[in-house]
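Number of protein chains: 2
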Amino acid sequence: MATDTAAPPTGYVQPEIDVPALTALLDGRYADVRNLVRTNLAEYASILDEADELSIDDFRERVKEVVVEMAATGQTGMGFPEQYGGGGDIGASIAAFETLAYGDLSVLVKVGVQFGLFGGAILQLGTQHHHDAYLRDLITGKLMGCFAMTETGHGSNVQALGTVARYDVDAQEFVITTTTESARKDYIGNAARHAQVAVVFAQLEVGDRSEGVHAFVVPIRDGATPCPGVRIEDDGRKMGLNGVDNGRIWFDGVRVPRTALLNRFADVTPEGVYESAIDNPNRRFFTMLGTLVQGRVCVGGAGINASKVALAIATKYAVRRRQFEATSDEQEELLLDYGLHQRRLLPLIARTYALHFAQEVVALQLHDVFSGHTDDEHTRRELESRAAGTKALGTWHATRTIQECREACGGAGYLAINRFAALKADTDVFTTFEGDNHVLLQLVAKGLLTDYASGFEDLDQLGMVRFVTNLAVETVVERTSAHKLLERVRDLLPGGDEWDQEAGLLDPAYQLAMLRYREEHMLAGVARRLKRGIDQGTNPGEVFSAVQDHVIAAANAHVERLVLEAFVDKVRALPDGDTKVALSLLCDLFALSTIESDRAWFMEHGRLTVQRSKAISREIGGLCRKVRPLAVDLVDAWGVPPEMLRSPDLVAGPINT
Amino acid sequence: MATDTAAPPTGYVQPEIDVPALTALLDGRYADVRNLVRTNLAEYASILDEADELSIDDFRERVKEVVVEMAATGQTGMGFPEQYGGGGDIGASIAAFETLAYGDLSVLVKVGVQFGLFGGAILQLGTQHHHDAYLRDLITGKLMGCFAMTETGHGSNVQALGTVARYDVDAQEFVITTTTESARKDYIGNAARHAQVAVVFAQLEVGDRSEGVHAFVVPIRDGATPCPGVRIEDDGRKMGLNGVDNGRIWFDGVRVPRTALLNRFADVTPEGVYESAIDNPNRRFFTMLGTLVQGRVCVGGAGINASKVALAIATKYAVRRRQFEATSDEQEELLLDYGLHQRRLLPLIARTYALHFAQEVVALQLHDVFSGHTDDEHTRRELESRAAGTKALGTWHATRTIQECREACGGAGYLAINRFAALKADTDVFTTFEGDNHVLLQLVAKGLLTDYASGFEDLDQLGMVRFVTNLAVETVVERTSAHKLLERVRDLLPGGDEWDQEAGLLDPAYQLAMLRYREEHMLAGVARRLKRGIDQGTNPGEVFSAVQDHVIAAANAHVERLVLEAFVDKVRALPDGDTKVALSLLCDLFALSTIESDRAWFMEHGRLTVQRSKAISREIGGLCRKVRPLAVDLVDAWGVPPEMLRSPDLVAGPINT
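These protein sequences, in sequence, are chains A and B.
When we follow UniProt numbering, the leftmost residue of the first sequence carries the number 1, and every step to the right adds one.
When we follow UniProt numbering, the leftmost residue of the second sequence carries the number 1, and every step to the right adds one.
For reference, chain A alone in the conformation it holds in the complex (with noise of 0.2 Å):
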C-alpha cells in the first residue's frame, strides 16, 4: 500500500506557469472581446458596491444605465447584423456574455434579458420587417423589452401557455388575453419598469382552430404607463438579482395588429388562414424553441465564470490564512497546506477547468449552426442537447463551488464586501431559469435514448414518453447490447476484457472509455426498464416517472463524458512543455475525482474492483498535492479582474501571520 505522503516518482518535475499565456489559451479566438468587456466591468466596479447601497428602484436605475452604457462600447451587440449596428459575430457575443459574468449579475442578466430574450426572440423568430423596426433601438437599449414566455401556471411545460392570441379577420388584429389567473406571465425580466415592448409568446387561435405557441410583439407601456388592457404587478424583492426589475403582466383584450406576429416560421393571412412550412405543430414549436438555444449556452458559460470568481477568492485566501500549528510550534499552517482543503478546492478547479473548455466546444458549435456553417437538424438537435447539458452541470457546478469557497473563508465569507454574499444569490437562480436543470437533463436523455431521430420533435411531452418507451427502446436496446458496447471500449482502449483493469489511471484513453463505458450502460439500463415496464403493459407515464432518477443519471453521464472529452482534446492539442504538463494535473484530477464521486456504480457494474478505487482516491491526494504549488497561478490564468473579486479582507488587508 502508497504512504500517505509519497514523494513523486522520479523524474518528474513540477512545471510552472507562464499565466499570460494560459489566459491567452482560454481565452481563445475573443481575447479581444474578453479583454474590452474587462475593460468594462473594471471601468463599471463600482456597481459592486452600489448594489449593496443603493434601494431596489436606484440599483435597478443604476444597473439599466450601466446596460446601456456598456452597449455603447459595442460589447452587448455582438451578435446581431452589422446593417443594424450590431457585430456580425455570434461567437462574440457568448464571448462577451460569458466573461461579464466576472461582475455584477444583474447587469448580467439585464443584458441577457435585453440582447439575449427580447432581441433574440426578434432577430430569431421575427422577419424583416420586424427586424427593421426594432434591431437597431434595442442594440443601443434605447428600446427596452421583454420576453414575456414564463406563466405562472407554466415553466418547464411552455406548450400548455394559458395566454391567448386570437385573430380578428374584421379588424386584422390579434387579441391578447389572460384567460386565468395562473396564465398571467410572471417573473419577467424588464417588465416590472423598464420594457416598452413585450415579446408574448401565446396561443395562436385563428377561426376555431388552435395552433399552438406563438410569439407576438406587444407594447406593454407608454414611457411609464401600461398600455390600455395591460396590467403590470412587480414581482418584488428576489433572493438576488435585484437589479433586474421582474414581473407580472395581465393582458385584456389587448389588440395589436396582424404583423406583431413574428412570423418567421408560420403565418396568418389578412383573410385568417393560418400558413406555416412545417406541418407538424410539435414540430414547428420545438423549431422555434430550438432558435432560442444560445439562451442556455450563455447561462451555462456564466455560471463556469461566476464559479472562477469564487474560486480565485477561495484561493488566494487559503494560501494568506493561516490556522493551528499543524506541522511546526513555530507558526500555523496555511489552510491550503491542509490535505482536507486541498480536497475541497482543487477538484473545484479542474473541473472548472474542464467545463471551460466543454463550453468553448457548445460556443463554437452554435457560432457555427447560427452562422449557417453547418446547419443540418441532426446537428441542431445534437447542440440543443449539449447546449441543455452543458447549462445543467455548468450552473449547478456555480450552485456547489460557491458554497464551498464562501465555507472555506469562514465568517469573512459572510460579509457582504468579501462578494459570496452576492455570488451565492445572484446565480441561485441560474439552475432554474433558461429550463429547470432536472427537465433539461432529461431532454438530453430523450435526445440520446431516440439518437435525435428525425421524428422527435414532433411530439408533445406524453407522445416523447411513449415514443421513447415504445418505438425507440428496441433500437437502443439492441444498440446498447452489452456486447457492442464492450466492443466500442475496446476501440478506444485495447486490452480485451480486462481493458479496465490493466490500463493507468492517467491514461485518458482509460478514462474517456470508464465514462463512455458508464454512459451507454446507464442509457441501455434505463431502455431496458422502459421496455420491461411496457412489455408488462404499465402506463408508459408511470414507467417513465419510476425510472426518472435513472435517466438523469444517465444523462448526466452522458454530459460528464462529453466535459471529459473537451478538456482531453484540449490538451492533447497543446505542444510540449509545462503547461500541457500542467493541465493535464488538472485533467487527471478532473477524470479521476468524477470516477471516484461514481464508484460505487463503476463497482456494481464490475468495472472498478476494490483495490483500484482505493487507488484512485490515493492517486486523487497525490493529484492534489502536485496541484497545490500551481493553484494561485491557475485562478489568476482565468484573468477576473481584481476590482470584480471586492474581498478586501480574503485576497488583501490584515492578515495573521
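Be aware that one or more of the hints could be misleading.
As the list makes no split between identical chains, a pair holds if one copy fits it or if it spans any two.
Lysine-lysine pairs mimicking DSSO-like chemistry, simulated, CA-CA at most 27 Å apart [claimed, not checked]:
1. 626 - 531
2. 626 - 614
3. 531 - 614
4. 531 - 484
5. 580 - 142
6. 626 - 142
Don't read these hints as lab results, they were simulated from the structure.
Got chain A; can you put chain B on it based on the hints?
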C-alpha cells in the same frame, strides 16, 4: 429483478397519521414551551416582511425591540436561575431556541448572542459577583451585551487569540489591548450598535507570565458612545442576518477592575498572584470552553428546524403544482407524483426526522449534565463531542435541504416573499459559527481516537495531534482490530460472517450494524494510517493532514450512527399503531439512503454485494412511494406556524389545475 412499480406486498396497510398526536410526540416534554414560542412567532409575524422592507438600521432596531418584547414573555430566559428572573430549566431554553428557528433568523441569532453567548458566559464563567451584577438586567434585555471571542486572525484556533489583558498590580486593574490589526475582535454580534458590555476573551498576562485565554467583562459603550480606548466599526452588510449588528472592536489600553475577570475557573489576587484549581493551562482552557457547549446544541437544533420550514413549503407546493402531462392526456402530473421529485424531497424529510430525534437526545444530555444530574468528566467530553457532531450534521443538512427545496419550487422559490431567500442567506453561516463544521468533526474524531482520554483536554492542537498519532494509536489499533470489530457487530446481529448478507434490509439491527461497522472500521483505518506515518518518521502534523479527509469521514460515520440509533430507539419505544408504522417507514428511508449514499465504501470494504447495493436503491424507491401519501402530514406534524411559511404563491394562491 423486481419491477419498478411493484405493488406493496400483500398485508401492507398504508398507515394514517394523527397529526396532533405526532406533533405531541415530536414536541416531547417541552410542548408548552414550544407552543409559547409558536404563539410569539405568530404574534410578531410581521418581522418576516420587515426583514425585506426596512433599512438595515431600522431592521436592527426592530429586531432588538422584538427580542426584548419576547424576553418579557419569559421565552428567552428559561435557562437562567430563577432567583434572577430566569426559568431555571436548561432543557426548556434549548426547546425555546430551536422553535424560534421557525421564524426570522435575525431574531433567533440576536437571542443567541444576548442570552446564549453573552448571558451564558456571565453565568458559566462568572461567579456570584458577576451574576448579581448582570444577570437580572441581561435577562430582561435591559443590559445588552456581546461575546467578543473571535478575532480577524483567529476564529477556529481560539487559543492563539492576540488580544492581551495585562494585570496592573498597582492599580489592581486589567489593561486590555488589541496588539495587532489581526487581533481586532471581528464578526461580534451586538457589537456594532447595541452592546453596552462585552465579554472579552484575551491572553491573561500576570507579571511576566502568560496564563492563556481568559474572559473579562468590559464596558464598551456608554449609551451610543464607545468608551474611552474602545474603537468600534460596523461589519456592514452580510449575506443574511442583517437584523444583527455585527462589528469589530479594538481596545487601546482599556482598564477594567480586577473583578472584571470572570473567575469561576481562575483568579488573580489583588497582589497579582494567579490562582486556579485546574493546573494544566490547556485543560483549564477547554474546561472554560466546554461550559459554552450549549451554543452548539442550539445552533444544531436551529439548523434542523430551519430545514423543516423549507421542506414544509416545498412539500405543500409539490402536492398542488402540476407540470407536464405524464400519465394522462387530460391533466398534468403533480410534482410529488414524479419519482424523481419523491427522491429529492422524501429522504430529506426522513433525515430531518432522524436529526430531530438525535437533537432531542443531545439536548437532554446537556440538560442533565448542566443541571448536575450526571456530571463527570467523561460524560462532559462525550456531550461536547455529540454536540459538535450534531451541530455539523444539522447545519450542513440545512444548507443542502434549503437549496434542494428552493430548486424544487422553481422560479417562484426565488422570490423573497416565498421564504427561501431569507432561509438560505440567514442559515448559510450556521456551518461556520459556533465552530466551523470541519473543525468540529475533527474534534469528534479526536475524541473517538483517544476514547475521551482524561489527558485529552490537557493538550493544545499540535500536542493533540502528537498524542493521537503517538500514544493513542496503539490502543485504537488494538481496540478496532478487524477481529474484535466483527465480534462486536455480531453481538448486534447474529448471523456469523454473513451477518451483512442474510439480514433483511428493513431490519434496524442490520442498518445499525452497517453504520457501526463503517464507523469502527474507518476509525481503525485512520489509526493505522497515522501509525504507519509515525513509524516512517514523518512529521505528525503532515501525517494528520494527509489523512484528514479520512478523519472527517470517520467522524461523520460516528455521528450518523448516533443519529440512526436515536431514531431507532424512538420508534422501538412507540406503542404499536399507525404512528409507529409511519415512523418506521421514515426510519428505514433514512437508514437505507444513508447507506446508499456511502455504498461505495461498503462495497470497498466487503460489506455490501453488488446485488444488495442495487436492492437497497430499489427499496428506497419503494419506501418513497409509501411515504408519498404521508408527506403532507409528516411536514404538518412539525407544527411550523402557518404565518412562518409565508409563501402565498406556493402553499396557497393561484395554481395551475
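Status of each hint after checking the structure:
Proximity of residue 626 and residue 531 under a CA criterion of 27 Å is satisfied inter-copy only: 24 Å between copies versus 47 Å inside one chain copy. Within a single copy, residue 626 and residue 614 get their C-alpha atoms as close as 19 Å, which meets the 27 Å cut-off; across copies the closest is 36 Å, which misses it. Taking CA atoms no more than 27 Å apart as the test, residue 531 paired with residue 614 passes between copies only; the shortest distance there is 19 Å, against 36 Å inside one copy. Only within a single protomer do residue 531 and residue 484 lie at most 27 Å apart by alpha-carbon distance; the minimum there is 19 Å, versus 48 Å between protomers.
With identical chains, the CA atoms of residue 580 and residue 142 are never at most 27 Å apart, being 47 Å at best within one copy and 65 Å at best between copies. Taking identical chains as interchangeable, the C-alpha atoms of residue 626 and residue 142 are never at most 27 Å apart, the minima being 52 Å within one chain and 57 Å between chains.
In this structure, the hints that do not hold are numbers 5 and 6, in rising order.
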